[in-house]
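A.B. asks: Please take these sequences and the hints and turn them into a complete structure.
Number of protein chains: 2
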Amino acid sequence: MRPQARRAAEADLAEARMGLAGAYVAEPKQADKKMDLGRGLQAVAAGGEVGELFRYDIAMPVTLPRRQSAMLPIVNQEVKGQKVSIYNPSVHAKHPLNGLRMTNSTKLVAPFHGGERMLGTNPIAIAFPGLEEPPIVIDFATSATAYGKIEIAKRRGSKIPSGWAVDASGTPTEQPDGMIQGGALLPLGSFAELSGHKGFCLAAMVDVLCCVLSGANWGPFAPPFALRQEIPARSVGQGIGHFFGALRIEAFIDETEFKRQIDDWIRTFRATRPMPGTEGVRIPGDPEREAEADRSVNGIPLIEPVIRDLEEIGRIIGAKFGT
Amino acid sequence: MRPQARRAAEADLAEARMGLAGAYVAEPKQADKKMDLGRGLQAVAAGGEVGELFRYDIAMPVTLPRRQSAMLPIVNQEVKGQKVSIYNPSVHAKHPLNGLRMTNSTKLVAPFHGGERMLGTNPIAIAFPGLEEPPIVIDFATSATAYGKIEIAKRRGSKIPSGWAVDASGTPTEQPDGMIQGGALLPLGSFAELSGHKGFCLAAMVDVLCCVLSGANWGPFAPPFALRQEIPARSVGQGIGHFFGALRIEAFIDETEFKRQIDDWIRTFRATRPMPGTEGVRIPGDPEREAEADRSVNGIPLIEPVIRDLEEIGRIIGAKFGT
Chain Z
0 MRPQARRAAE ADLAEARMGL AGAYVAEPKQ ADKKMDLGRG LQAVAAGGEV
50 GELFRYDIAM PVTLPRRQSA MLPIVNQEVK GQKVSIYNPS VHAKHPLNGL
100 RMTNSTKLVA PFHGGERMLG TNPIAIAFPG LEEPPIVIDF ATSATAYGKI
150 EIAKRRGSKI PSGWAVDASG TPTEQPDGMI QGGALLPLGS FAELSGHKGF
200 CLAAMVDVLC CVLSGANWGP FAPPFALRQE IPARSVGQGI GHFFGALRIE
250 AFIDETEFKR QIDDWIRTFR ATRPMPGTEG VRIPGDPERE AEADRSVNGI
300 PLIEPVIRDL EEIGRIIGAK FGT
Chain F
0 MRPQARRAAE ADLAEARMGL AGAYVAEPKQ ADKKMDLGRG LQAVAAGGEV
50 GELFRYDIAM PVTLPRRQSA MLPIVNQEVK GQKVSIYNPS VHAKHPLNGL
100 RMTNSTKLVA PFHGGERMLG TNPIAIAFPG LEEPPIVIDF ATSATAYGKI
150 EIAKRRGSKI PSGWAVDASG TPTEQPDGMI QGGALLPLGS FAELSGHKGF
200 CLAAMVDVLC CVLSGANWGP FAPPFALRQE IPARSVGQGI GHFFGALRIE
250 AFIDETEFKR QIDDWIRTFR ATRPMPGTEG VRIPGDPERE AEADRSVNGI
300 PLIEPVIRDL EEIGRIIGAK FGT
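So the protein lines, in turn, are chains Z and F.
Take numbering that gives the first Met the number 0: the final residue in the first sequence is number 322, and no numbers are missing along the way.
Take numbering that gives the first Met the number 0: the final residue in the second sequence is number 322, and no numbers are missing along the way.
Hints were generated in silico from the structure; no laboratory data involved.
The C-beta atom is built at its ideal place from N, Cα and C for all residues, glycine as well.
Hints are not guaranteed to be accurate.
[To be verified] Derived list of chain Z stretches under chain F, where covered just means 3 residues or more per stretch with a C-beta under 8 Å from a C-beta of chain F:
hint : segment
1    : 113 to 119
2    : 125 to 137
3    : 167 to 174
4    : 206 to 218
5    : 255 to 261
6    : 265 to 278
C.D. replies: Rendered as structure tokens:
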């Protein structure tokens, strides 16, 4: 099973758990195929169901001639909490393209020096293929941490590090519930002295490229894609937005030479003298590949509160946990 | 005088000071016009002198038809510490394009969990035009802080915050000299728990797009562009590299509608409830515009050690300070 699929499965569980907490279990969600082709968009995508996941098919084939790049605006209409699996960097990286993906998401993050949720975790992903080495795969949220880490800390009953979040009053907090109950995540960089304004800049860039450019709902107006999240009071566009880009390597430099240099880059950075007390430098994509190899054999580690949740969900829906 | 020009002038002073410390004063540097058109590059730029600055002229005009974007690889050959002023976001933002610029630079930054300099401060800049509001101008180094802030702390005789740098042994340091004497800056995010790996991802992205894609020297092999910096032992390409991109807004959405939405975005984010004890949210580009307006009237604040340096340089070269 690919990490993407597992991530979707985890999201499922998270949503089911939320349903459970509210004393009901979520209905299986139907992928929404409606697309609005208006607003002057030049390239659109249509939705298609792929098992329990959701896939975009580009309605109009886009080819990349020499010296050109393509950017596709994609808009979801009437988002209903469906799961989205558009892009798997470890698959796309096999093609001779540098792929770039960004997505806006429901508000969870405060802008720098803001005291309330205004932005999604607005991730950036880009991958570069090597020749003999596995690809460099960059894929991260532009917040100081992932919301999931706040939830795990809450279930563990532990505090969160200073720099992750503010509470409902906008004051920095080390309590998971401080963030969960009306607080906000901080942008990458966290504090003024560690350049939290740069994380806000990144989130702003993703927000404008994904949403303003495609005519989708930006910033605090992005519709929720999990159950029981706040519905924005105002709509400034259509659904949530994405931004995809692909660069044809041959338009810049010989493709084999590029891949050979990427191999050299990877080996050079792997050989960096380590910071004492750490495992040293790992290439973006390495931790995920290692985790996949390990968990395919040894399974996914779960903490006790999650196991109890899964057992409870199993009892309600009549599925035995652990089979 | 534009901020870009002032920044160049400041770099001049910094270089002159470095020369002074080494008991000689730097000769005025000549911009280098040599370009190598080889290595399969499809678009190249030629250098031209503009007063004391250096300008790139695109050798082959590049037009952007509907639905297309252009990416230009630019390589410097035999970089000799010349000053470079390629892109002024506050000027470019007037055109109906979203401009993107990245540049690699001499090694100063450790990769995440690395204990030595391997990357430049590898900045990212992108600007979005508004209709009535001034443009959103994003422009930042992907390190936790700028090298200049380490130098200022040294001249002030003050410590630096935890999270800015490691010393020559790769151990986190709060002493400016710890970083300056063979240490390294940390990437944006600084520590594992504040996602320092994300700053490394950003620096890696800039490094590959600017250098590997253009056939320039990447990572620790970028040649120095200030005096008396270490010459890399190995060359993996030509000079330093840049990456420029421009997106034609009309290819995605009506241009006036885009700009109106940018105005709305700016006003919405300005109205964010502030974090207590801060001045609240400012839009990327606001602080620079405010500083320019203030300093055009009130001058540039200097600390005592810098004034003494300038007076000493003035005595050596026969120019009176303060005229």
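A.B. asks: Each hint: holds or not?
C.D. replies: Quick rundown of the hints versus the structure:
no., hint, verdict
1, 113 to 119, "holds (count 4)"
2, 125 to 137, "holds (count 4)"
3, 167 to 174, "holds (count 3)"
4, 206 to 218, "holds (count 9)"
5, 255 to 261, "holds (count 4)"
6, 265 to 278, "holds (count 9)"
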